[in-house]
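Sequence order for the protein chains is E and P. Quick note on numbering: numbering that gives the first Met the number 0 labels position 268 of the first sequence as 267, and the sequence is numbered without any gaps. Quick note on numbering: numbering that gives the first Met the number 0 labels position 383 of the second sequence as 382, and the sequence is numbered without any gaps.
Do not rely on the hints blindly, as some may be mistaken.
Heads up, incomplete: computed chain E residues facing chain P, CB under 10 Å, no partners named [as the list claims (entries may be wrong)]:
#1 ALA281
#2 SER284
#3 ARG288
#4 SER325
#5 ILE328
#6 ALA346
#7 ILE350
Per the computed footprint, the stretches of chain E lying under chain P, defined by three or more beta-carbons under 8 Å from a beta-carbon of chain P, are [to be verified]:
#8 262-275
#9 311-323
Worth flagging that the hints you see were computed from the coordinates, not collected in a lab. Every residue gets a Cβ at the ideal spot worked out from N, C-alpha and C, and that includes glycine.
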Amino acid sequence: MRTGATISGALHGGLLMAVLLDPYLWAAEPPAAISLAEVTVVDGAVFDAALSAAPQPVTDTPDALNPRPGEDLPPAPEISEPAPERPPTEGVAEPEPADPSLPVLPTPPPPTTVPTEIARPSIAEVPVPEELANQAPQPESPPATEPLQPLASAEAPLPGDRPERPPEPEPEVAEEPQPEPEVVEEPTPEAETLAEVDAPLAPAPQQATLPIARPAEIAAAAPASQETRQAQQTTEAPQKAAPKPARPRIAASRFAAQVTRGEKDALRIGLKRYFTYAGNRADRSLFVRIAIGLDPSGRIVQGPELLEAGGATPAVQNALFRSGRSALIRAANGGEFAKLPIEKYDAWKVIHVTFTPTELGFGT
Amino acid sequence: MKHTLQVIASLCLVLFVGMLSSHAHAQSDALQITVAGAEFEPIPAAVVDFEAVSADLAGVADDIDTVIEANLERSGLFKLVSPAAFIDRSVPFDTTPTFANWRTIGAEALITGRVQRTSDGRLQVQYRVFDTLAESQVSGLQLLAAPEDWRRVAHKVSDGVYAALTGEGPYFDSQIVFVDETGPKGDRRKRLAVMDQDGANIRYLPGADGLVLTPRISPKNDRVLYISYDNGAPEVIIQNLFGGGRERLGNFPGMSFAPRFSPDGSEVVLSLSSGGNTDIYALRLANRQLRRLTRNPGIDTAPSYSPDGRQLVFESDRGGSQQLYIMPANGGPAQRISFGRGRYGTPVWSPRGDMIAFTKMIGGRFNIGVMRTDGSEERLLSQGFLVEGPSFSPNGRVIAFYQETPGQAGRASLASIDISGRNLRPLVTPNAASDPSWSALRP
Chain E
0 MRTGATISGA
10 LHGGLLMAVL
20 LDPYLWAAEP
30 PAAISLAEVT
40 VVDGAVFDAA
50 LSAAPQPVTD
60 TPDALNPRPG
70 EDLPPAPEIS
80 EPAPERPPTE
90 GVAEPEPADP
100 SLPVLPTPPP
110 PTTVPTEIAR
120 PSIAEVPVPE
130 ELANQAPQPE
140 SPPATEPLQP
150 LASAEAPLPG
160 DRPERPPEPE
170 PEVAEEPQPE
180 PEVVEEPTPE
190 AETLAEVDAP
200 LAPAPQQATL
210 PIARPAEIAA
220 AAPASQETRQ
230 AQQTTEAPQK
240 AAPKPARPRI
250 AASRFAAQVT
260 RGEKDALRIG
270 LKRYFTYAGN
280 RADRSLFVRI
290 AIGLDPSGRI
300 VQGPELLEAG
310 GATPAVQNAL
320 FRSGRSALIR
330 AANGGEFAKL
340 PIEKYDAWKV
350 IHVTFTPTEL
360 GFGT
Chain P
0 MKHTLQVIAS
10 LCLVLFVGML
20 SSHAHAQSDA
30 LQITVAGAEF
40 EPIPAAVVDF
50 EAVSADLAGV
60 ADDIDTVIEA
70 NLERSGLFKL
80 VSPAAFIDRS
90 VPFDTTPTFA
100 NWRTIGAEAL
110 ITGRVQRTSD
120 GRLQVQYRVF
130 DTLAESQVSG
140 LQLLAAPEDW
150 RRVAHKVSDG
160 VYAALTGEGP
170 YFDSQIVFVD
180 ETGPKGDRRK
190 RLAVMDQDGA
200 NIRYLPGADG
210 LVLTPRISPK
220 NDRVLYISYD
230 NGAPEVIIQN
240 LFGGGRERLG
250 NFPGMSFAPR
260 FSPDGSEVVL
270 SLSSGGNTDI
280 YALRLANRQL
290 RRLTRNPGID
300 TAPSYSPDGR
310 QLVFESDRGG
320 SQQLYIMPAN
330 GGPAQRISFG
340 RGRYGTPVWS
350 PRGDMIAFTK
360 MIGGRFNIGV
370 MRTDGSEERL
380 LSQGFLVEGP
390 SFSPNGRVIA
400 FYQETPGQAG
410 RASLASIDIS
420 GRNLRPLVTP
430 NAASDPSWSA
440 LRP
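Working from the sequences, and respecting the hints, build out all of it.
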């Protein structure tokens, strides 16, 4: 009897202590790494400012540098010299005199850089590596340098506020000032070949930032300095292996009502209706994991952001990412996320969706 | 008392660990959903008319547009948005597209381009591929070529677009060598022809006529191997693809069949028949040295190298029925990889290295199929009265083969199919055609 009372007292005491000390125990935990919020939700002015402040990879299209849609750029300067001919290919005797020579030059990212690039007599002579050194390591720099508002305070009501659904989700999700999810082309075998053949393709590696390098950077970003982050990305970019996933700063409250298995299954079925993919499925380990942040109406307000990718080649991963992103956007437009129970908003305001093109993919 | 304190301490520890675990879980996890199994659906894309910088290039720009659109559409991986639906009729090359207008009409990819002439008279074609959802440029290249090579430029642009959006390797700028057939079924004239993969630029190889079989183009696209019956018996001929120079390859006793180049082009692997036994040999082209790779009383034939040149797949009836086997490229123990019902033949290794295509005869019907290199995941793609001779596209995504209709009026024709089994298409040729051999990507 006495022992039972002691145990009961100890349990209750421990529970009370744990609850009381909880804020102190966990408050010391450093804020999570760069979150989904930091790389997505930003209004146009902030985003433009961030983009103009930090050099971008070649494939990015910084708004601050771009003309508005439809706006004409200054005409391209005259080509002062012809681009170099592709040297004759060794070993391939094509006696046809008309055998074409196809030096392939990278069209620079749109649009302002185009005239500059084209005006160069030879892109190989351009000090591209310096640009690369400045640009490549900082694909995340705009969101990283610009303090962004967390999702909850930016657009969504506070978790405890039992939000009501806005009347209608906007049909054009992409109208949101979403940062570009870094769809950076990994050079295909052909692109590499062309690059080898044509020296002017020197800028190609600029465009070859692997999508999977980004989550690695995100994961490592919080405790690291900017320099550390740059170094990490430089070293990790060529890696094919999937990095650790990013840890969202906005986590579901541990006291929030959980989404039931049935609700998850319904969402999975709903998303699958929109998931189409035309690319290579040969590698059964192929997958991408994409994060989105939602407002209570089920509208995407953050992302879609690539967290992790694996299998096949980076080019195939990119193609799958585009498919997954398209599925999420179309699903949001189709109201799939709005079907989630609003009283459990805390549990689904950030969703990580893993897409695998084959049915043999691993389950949740 | 001491015991009580120990119990209390233990319970507190358990509680603490439990909370730590639950906290970590809650902290790290957003709602996790896995969506496995995507429906196949072509990528909706819009190709805007390429901009001709000068009026005299308008026709060329239109031609290039047409070839690009045809390539993308024929691949089966793209669904082109009709220009009639375009909100923006044109997109000046140096301006950022109004992405919302393209999303509105369902185009997830947008292709723009510009055609101009350089000061030395060459054709300069630039293009961009945009992702309208991400509002970013996915790819952009500039190509220079002689004006008469506009079609190759169009294929290169198609390849760039295709690779950028699908992640697959390119294949449009490639050729197909095949046997052109004319005349009645009992007295057909067979001659070698080569064409672009889209059927354009067809031409016939001089001297390669009469009765020719199984042409195989070299990895460098400069020579072609085939069997000729010009002298009544099958002979292996190697011929320059450009210019027509040809020679008989070796003076082998008995019959010779199914020659194929090694991946580096330095060797030819073929089967030779002597004394009722057929085995596989490798012939080094530099010194014509012949090496025997199999020693088996069965019929070993139709060898095909793996892309790395280390292995060979071939067909053999050594086990009692015609099946597929893999062995080291220098010979050695062979491992059977096909175990299904029916007979397997004409295996060919995918350029990607992950699959083997074959012909399967079962129930009186022919099938074209693919399987993994270990024999797993066998999948039949096309069936017919006679379908045979698969050949992979340079990226390993598409298979060309030939099919023949039954009867005296039966006609052989070429077709292609995606390795998924979708997108069966005819490869249009002026006459009947058989034995396609898809080239590597052109340099």
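Consistency of the hints with the structure:
Interface restraint check for ALA281/E: the shortest CB-CB distance to chain P comes to about 5 Å, inside 10 Å, so the restraint holds. With a least beta-carbon distance of about 12 Å to chain P, the hint placing SER284/E at the interface is violated under the 10 Å criterion. For the restraint placing ARG288/E at the interface with chain P, the shortest Cβ-Cβ distance is roughly 9 Å, inside the 10 Å limit, so the hint holds. A distance limit of 10 Å between C-beta atoms decides the matter here; for SER325/E the minimum to chain P is near 6 Å, and the interface restraint holds.
For ILE328/E, the suggested interface contact is upheld, since its CB lies about 6 Å from the closest CB of chain P, less than 10 Å. Hint on ALA346/E holds. Least Cβ distance to chain P is approximately 6 Å, under the 10 Å limit. Annotation: interface hint on ILE350/E holds; nearest CB of chain P at approximately 5 Å, less than 10 Å. For the segment 262-275 of chain E, the assignment as covered by chain P holds, since 7 residues bring a beta-carbon within under 8 Å of that chain's beta-carbons and 3 suffice.
Only when three residues or more bring their CB closer than 8 Å to a CB of chain P does the claim for the segment 311-323 of chain E stand; here the count is 11, and the claim holds.
When held up to the earlier numbered hints, the structure conflicts with hint 2 and nothing else.
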